[in-house]
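Protein chains: 4
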Amino acid sequence: MVTSIAVAGASGYAGGEILRLLLSHPAYVRGELRIGALTAGSSAGATVGELMPHLKPLAERVLEPTSLDVLQGHDVVFLALPHGHSAELAQQLDASTTIVDCAADFRLESAEQWQKYYQSEHAGTWPYGLPEMPGNRERIATSTRVAIPGCFPTGATLATLPAVQAGLVEPHLTITSVTGVSGAGKKAQVSLLGAETMSNAKAYSVAGQHRHTPEIKQNLQAFTKDSVSINFTPVLAPMPRGILTVASAPVKPGTGAEDVRRAYKRAYASETFVALLPLGQQPQTQHVLGSNLCHVQVELDETAGTVVMTSAIDNLTKGTAGAAVQCMNLVRGFDEAAGLPLVGLAP
Amino acid sequence: MVTSIAVAGASGYAGGEILRLLLSHPAYVRGELRIGALTAGSSAGATVGELMPHLKPLAERVLEPTSLDVLQGHDVVFLALPHGHSAELAQQLDASTTIVDCAADFRLESAEQWQKYYQSEHAGTWPYGLPEMPGNRERIATSTRVAIPGCFPTGATLATLPAVQAGLVEPHLTITSVTGVSGAGKKAQVSLLGAETMSNAKAYSVAGQHRHTPEIKQNLQAFTKDSVSINFTPVLAPMPRGILTVASAPVKPGTGAEDVRRAYKRAYASETFVALLPLGQQPQTQHVLGSNLCHVQVELDETAGTVVMTSAIDNLTKGTAGAAVQCMNLVRGFDEAAGLPLVGLAP
Amino acid sequence: MVTSIAVAGASGYAGGEILRLLLSHPAYVRGELRIGALTAGSSAGATVGELMPHLKPLAERVLEPTSLDVLQGHDVVFLALPHGHSAELAQQLDASTTIVDCAADFRLESAEQWQKYYQSEHAGTWPYGLPEMPGNRERIATSTRVAIPGCFPTGATLATLPAVQAGLVEPHLTITSVTGVSGAGKKAQVSLLGAETMSNAKAYSVAGQHRHTPEIKQNLQAFTKDSVSINFTPVLAPMPRGILTVASAPVKPGTGAEDVRRAYKRAYASETFVALLPLGQQPQTQHVLGSNLCHVQVELDETAGTVVMTSAIDNLTKGTAGAAVQCMNLVRGFDEAAGLPLVGLAP
Amino acid sequence: MVTSIAVAGASGYAGGEILRLLLSHPAYVRGELRIGALTAGSSAGATVGELMPHLKPLAERVLEPTSLDVLQGHDVVFLALPHGHSAELAQQLDASTTIVDCAADFRLESAEQWQKYYQSEHAGTWPYGLPEMPGNRERIATSTRVAIPGCFPTGATLATLPAVQAGLVEPHLTITSVTGVSGAGKKAQVSLLGAETMSNAKAYSVAGQHRHTPEIKQNLQAFTKDSVSINFTPVLAPMPRGILTVASAPVKPGTGAEDVRRAYKRAYASETFVALLPLGQQPQTQHVLGSNLCHVQVELDETAGTVVMTSAIDNLTKGTAGAAVQCMNLVRGFDEAAGLPLVGLAP
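These protein sequence lines are chains A, B, C and D, in that order. If you're matching positions, the first sequence starts at 1 in full-length UniProt numbering and goes up one per residue. If you're matching positions, the second sequence starts at 1 in full-length UniProt numbering and goes up one per residue. If you're matching positions, the third sequence starts at 1 in full-length UniProt numbering and goes up one per residue. If you're matching positions, the fourth sequence starts at 1 in full-length UniProt numbering and goes up one per residue.
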């Protein structure tokens, strides 16, 4: 039986990355996955080859306008659209269609938080596509709807959850995430030009304004009774891809370096895509480039009384499209790791 | 039957890239390829994980000192060593061992040219590992020895050979190749520091001094009776990987744009790894990043009376390690494209 | 007496760079230069501080809409506008106003070439703002109109003119110029995004299509009786600024390396802003970053029978705004080098 | 009267930057400053032109071996040497010589902290070369010895001191500083190669291990009675220069956004080199590139209950060599801002 897949928003960075991964998915190679409709907004009518010459095997494919008509009838629909547009389409697709949504619409549980950060009506909440969070793998596998996490929440949650869940830190986290420029999407905007972003670093959406802040908080709050606070700052750095997250929190009295390490080992022992690095080695975004891996490290700063947790992901792979394929695999019964690179493109 | 593979010089960029590719080689996934000895020079004793954390599946493997003892007994030996060292080992390995040499030792046919450019004794000539050159695929497939081309000659030859072979240009070529910094190898050297190479472009080994010059000439000379001359200039640009080659040559009288295009279409129609781009699209290194592809374009400049030929490759993949795996596939009877990415990592 | 200056198109990269230079111009520091109207198109109404926070001393200044009214009455008007718009304004300003035009409108002598490359009516020809070309310094100093060269023609002309003028090469030049991304201007365009331009190199406007091609040709043709041909290819590289030009041409019989070197020494002996590097050293864009210098090198490739000429400039400084200030200095009787950095910002 | 200057360690990045600044120092231009001995370690014997072609006006100068003999007799000696070596020389130079030390030797007041972080004997404490810290300007101006701050402490102190001093935050600071690669110095080291640092971000010396941690703490502790704790993490980003600092601390009860802003305005109202940006604008390293400026912003995160303080400097200018020249100006009675760029090199 062949599973047919549509990608809405295929001309953006997330959509293109989903296609990159699908093309080497073993089920695609075996002919059991079929790449069906590829849709776009203003780029509809163009070929994949014109817009994304790196996807050579799909070069002749024409992008269709994004619409319900074009998308329905597929077994799986990946939505890589702006939020709002995503929810609108999702709500019209058949219940039996597997929908993997890369937008924010169905991530937040709190309608109030949604309203505050997205200034629109809350569309609902779907199983959250970070299978490495306890309980999520099962929720995803038994649903036909998945809300893929934001790229920052993925890096931040994987870096900090074991310490928070094990109660080793006060859940007052300061998180700075250094991101590559593709995280901002394929938008024609002066502030994202090469000339503005090369040889440059800048923080943005500081002081809790970034929309991923409530999402990080929600992820951690689910695993502690203490009230979580998140001080989150994204920093734009001159690289195409990658997120390096530096998080810290006050250590709880009586917690030692080994307790911390043990908690992380336990949390990730059986995870394919999260690697706790050996002591002394720090995550580097280059080492996970193009892969679905998250490299994690954790250290205790005894002088400052804090635990320092770091992680590296590729924002477009584990941070978006890789997670999307991983969740599709879970929903559709493929091997969870199918089609997902385990080796980074370094140097 | 399992094919055992050794990689000499596994800690360098070429060696690491060979391992990256082997890890997703279908024969490796099926258990029919075994990664045996991995050797290094001054890094011997370290683990792969310490030096190349992106190769997580091999993290525990220990690098052994490069020696005949360690290498022999494997079915395939990849040599990713400095020239000289490469030849020395190659000459001692069993005749039945498949040797894929990424150094320069066995590339040049002319002992005189070897002497001139490498100031040492000529070790011999092996089948040249660019299967896309007419005749080479067969030569490689029937040998147990392959000399992998230099990265610049790969980009330059694929860009220019169809025009030269078809006699459409005077074989007096001016070639400027813009390369990423990994091309210089993993050498601790001030001029290769990030601070020296970022925000910077510079030519080097100009005016025919680069050792890849006679290699490019040899490749083209084999396909024309006219005497070839090569004016080759490499330029170092601030990117980790990639070679963008710009070549031009005087058009021969009576040749039109369509003649040129036809020659390229014919030359590459059945090649998996060389793509002639649609008219109007230029090769970009980002589009072939991490893949074994070469993107090619050719245009006629009627005012200047020249043909302009451009190509993009990843210097570490099609430019070195990808070609090495491609040639191993040919020698050992695997599918030629096995384990070789067809999709680039863009953006 | 105070000289008043207006900058039209002050919010673009060229306009901003003119302001950067003026702020440290000794006459400005002494109070003899006054920065008057700063104009913009769609950015009119914004302050300099909002758009260009690096120009702190002008932060409070408000950008006015570009119009004749706003510009006239100043002693000097810098035009950093798109071509066409530039000519339109220039033709209306008083004859006594010094106009330094950074657009293409008044660079070409041939109405036919203008028509062919710019598809519009030829506005005329002004003294060409490259004082290092023989005769130009005097022409500029005695005019109130200057056409500042394109950034590529500056690098290409300074690299090649001494060899062409001295008759040491056949004037059939192959020129590849590697440019930083600011050369494309501050345009919101997907192909110029950081994610598209980092880790990437690509040629564009190949095969004689680039509009700077006839300009380079005109510069060289003026100094030789042989018919000049130019094969010019620009390459976009991942750096904010800088142009590295690699040019080559067939050496004329009987010309030796020393003849070539002597011609360059003679040509640039008394030039402040052009430095012939010592033998063995190649120009690097980093070494001229932010300065008004052009580093030049020339070598003879005896095997290929060519002369290889290289140069490095900062496209925004010597390539545009620095040349503009240099020409203003000449016209207005300031020291030619006033306000123009002689030291590059490396690393 | 002419002031003679020697630079020890002139071939490194700090030494080269001191020379870059001196060359446009008005006193140098007027002939009142003389650049005397330039010394180096393994590079002694080479010319400035060979090693630092961007310093064209000094190209012919020969680097001498670093020794007491060569340095003494100058009015001012800049030491841009590794710590230890710096102290050794400093202790032998005449008391009347102005010594501006860019190493760490004389920065820390606590012998115990010195011992802990530098594993050697404490050499002493000199006036701390950050004139913008209350009281320091006077201390520097009346001494002949100045210890230039580390680059991270400069960015971190300027970002956070006003809030700490005014008692608006609990002095428990979490600081992440994103730095360009020149911060690591001109050391031939594999981990600093272009291929390792481009397209990459990584934290290092995390969990309080970085030697600048006690220095930041000392700076803040001097202005509060509460016990300061510093959780400091440096991150290496792919740019040649620049430090972007993101700091946060719990806001004290009753403190509002306007209190915070007022404290910063007051602190920096009369400072030439520190600019509090308008609300809504964040510091960017590109905007201070090559300048002696520090851009600062501060915001209140009401949800998290923290104050977020950010700053951008050029690590080689305000972070090292600019501060060194600024302090020399104070000691020798020049205008404090002489020779120090106020405009950044953007884009």
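It should be emphasised that the hints constitute simulated quantities derived from the structure, not laboratory data. Just so we're clear, the structure is a prediction, and the values are computed from it rather than from any experiment. Fair warning: there could be bad hints in the mix.
When chains are identical, the list treats them as one kind, so a pair holds in a single copy or across two.
Using 20 Å as the maximum straight-line C-alpha spacing, the simulated SDA-like pairs for lysine to any residue come out as follows [as the list claims (entries may be wrong)]:
1) Lys-116 to Glu-302
2) Lys-252 to Glu-170
3) Lys-116 to Gly-305
4) Lys-252 to Glu-302
5) Lys-187 to Ser-42
6) Lys-187 to Leu-51
7) Lys-252 to His-172
8) Lys-265 to Asp-94
9) Lys-252 to Ser-227
10) Lys-252 to Arg-262
11) Lys-116 to Thr-255
12) Lys-265 to Glu-60
The hints, checked one at a time:
1. Lys-116 to Glu-302: between (38 Å within a copy, 14 Å between copies)
2. Lys-252 to Glu-170: Both ways: Lys-252 and Glu-170 sit 6 Å apart in one copy and 18 Å across, limit 20 Å.
3. Lys-116 to Gly-305: between (34 Å within a copy, 17 Å between copies)
4. Lys-252 to Glu-302: For Lys-252 and Glu-302, the Cα distance is within 20 Å only inside one copy (11 Å; across copies 24 Å).
5. Lys-187 to Ser-42: both (12 Å within a copy, 19 Å between copies)
6. Lys-187 to Leu-51: both (14 Å within a copy, 19 Å between copies)
7. Lys-252 to His-172: Both, since 11 Å and 15 Å are each at most 20 Å.
8. Lys-265 to Asp-94: neither (41 Å within a copy, 45 Å between copies)
9. Lys-252 to Ser-227: both (14 Å within a copy, 19 Å between copies)
10. Lys-252 to Arg-262: Within. Shortest intra-copy distance 15 Å satisfies the 20 Å Cα cut-off; inter-copy 35 Å does not.
11. Lys-116 to Thr-255: Intra 36 Å, inter 23 Å, cutoff 20 Å: neither.
12. Lys-265 to Glu-60: Result: close only across copies, 17 Å inter versus 46 Å intra.
Of the hints listed earlier, those the structure fails to meet are numbers 8 and 11, in rising order.
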